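Given next are the chains, with one letter for each unit.
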Amino acid sequence: MLSIFNLAIRNLRRYKRRTLLTSVLITLGVVAVLLFVSVSGSFKAMMIGQITDSMLGHLQVHRKGYLASIDSLPLDRNLKGKQVAEVKEILEGNDAVEAYSLRIKLGAMFSNFSETTNIRLNAVNPKQEMQTVPMLTDRIIKGKKEGLLEKGEILVPELIAKGMKVKIGDTIVLVATNKDGSVNGQPFVVRGILEGISGPGGRDGLIHLDDARALLRIEDREISEISIRLKSMGRMNEVFDQLKDRLGPIKDKMDKPVFEVHTWEKLSPFFNIAEMIDLMTFFIKIMLVAIVLVSIMNVMIMAVYERINEIGTMAAIGTVPGKILSLFMVEGFLLGVFGTLIGVVISLVTIAGMNTAKISFDFGRQKGLLLSPTIALNDVVTVAGIVIAISVLASLQPAWKAARMDPITALRHV
Amino acid sequence: MTLVTAKALEKTYIAGDITVRAIRGVDFVIEPASFVSFVGPSGSGKSTLLNMIGCLDPPTSGFLEVAGQDVTHLSSKESARFRGEHIGFIFQDFNLIPVLTVFENVEYPLQMVQNWPKEKRRKRVQELLKSVGMADQGAKYPSQISGGQKQRVAVARALVTNAKLVLADEPTANLDSKTSNRIIELMKDMRDEFGTTFIFSTHDPKVMKNAETIFTLEDGRWEGGSLQPST
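In order, the protein sequences belong to chains S and G.
If you use the working numbering, the first sequence corresponds to residues 1 to 414, in order.
If you use the working numbering, the second sequence corresponds to residues 1 to 231, in order.
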């Protein structure tokens, strides 16, 4: 086999320019795919991280039907205290769960004593919330970040703070209607300004859970949603299935399911963008396969055509068809390996360069997001494997033709 | 025991509506260590006969035995193995592999066809290169040597596997007369040294006279329309 590799390398060196051009083409394809995978992957991971770690969490549990009417923030679809206790028990018994946060979601009137506007609010237990969505504090663009907030304090969304001209330390009043229809108001001190991000709940304000209960006069321990953070995002589907299996069979008096469980993918429209990125990556991979297939096949067909006489000689002096086939397939394989190796090296150097250059970009209202492309070993191995396999596959037809060639016809070829 | 035995050997080519009987039922026998020349005008069937003996082209009908084996109905893989083991080839255009050195060209059949171990292989190649007077040219590539030297390398390559039979189709056609004579002399010397049978085709009278046995072909039969050769 070593002698076949040796002969194949010499044949590739015989047509240096052609070998180089084909390798450059393969290299370009590999670089394009790896850079796209790394940049889009880092963009995707960053956006998913932003969404799950500063807002949604990985999974959420609601009362059945809550999500369908979430726009109106219905208080009559909250989970009752007993139901919350059931979910808590299940979550605490699951080793994949790192933290969870109980939230009441509500709508209120926001008054600065001279103007009034609508506001959507998330009422949270600060400690639970910071464990569940640890990047939430990064969204506090003005004000103290430590401890998130205390009772009687509010984190005001950036747009409302700007529109209502409120500053840190100002007192505002929230007026809310509870599920029985009675109205209640309560003063809050502005603790900080919260940066808005894309997606549901991305422009909501934040108050303490106990304040929401007081404002809404909720006596039961009811809540609107339970946001869950997992130790590893990779176990999301597994935990989702476990929760569905445990919570699904729990029925109310009308024999209807009580709970609904969702992954972040069902809660954020960014998931469609993420899927689009995956689809684009797939099509770019298809293009790479086409580039490799056509270029290697073209080169190997040329190689066979130019060496017909040589193939005839090898066959005449007793080289079995299998060895002739191997020779041409090894040439294709080496072309693929050569192009891929250079492509991988260039890609890794470029990725390192991009990280060193600290390239930033804007996404929606989010400014100065830092692009930090990375590539998993798995992706490199997959792309390299695809290219090399396609190189061998593309050589198969010309190699087969060479191996099946009639020695006499080949020897007569001029 | 004969080296080549042919009985009622026939080769017919069909190209569209045209049928060409290239060899028309000839008989012949070639003894071991012979130095035989097939002669005749172009189209007489010399190359076809050599190709059949060399297991490159199967006969249409008849019987052909080479080195004690019936080769009339070998598959392409069996033919390749048989050629690699028993037959050496010398071509009109030398047909050396351009990316291999002189040494590696001679080594090729031992390495790629017969899988000899490295040390044994190297020793044998050196021996053959010395025999053909090319021992000091081993590191050169075919493009760096003359036509006569290329044919010497081809002779060494044909003999390196201890082939019982070497077939040479117009081996001197691309050489000047002086070099042609030297190549024929070299082939004779090799026959004497290794006991190998040489069968070559030619229509060059100067080369013909060096052959010990001449079989003359005319329109796919032996001279005079005979099925048996007159030598």
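Check before you lean on any hint, since a few could be wrong.
[Claimed, not checked] On the chain G side, residues computed to face chain S include the following (Cβ under 8 angstroms):
no.	residue
1	N51
2	L56
3	S61
4	G62
5	S75
6	K77
7	A80
8	R81
9	R83
10	G84
11	F89
12	I97
13	Q111
14	M112
15	I145
16	D192
[To be verified] Result set (DSS-like, lysine-lysine): computed pairs, CA atoms no more than 30 angstroms apart in a straight line:
no.	chain 1	residue 1	chain 2	residue 2
17	G	K77	S	K323
18	G	K206	G	K130
19	S	K323	G	K118
In short, the hints are calculated from the structure, not lab data.
Because the structure is a prediction, the values reported are computed rather than measured.
Where a beta carbon is used, it is the ideal one built from N, C-alpha and C, also for glycine.
- Output the numbers, in ascending order, of every earlier hint that fails for this structure. Checked against the structure, the hints that fail are numbers 3, 4, 5, 15 and 16, while the rest are satisfied.
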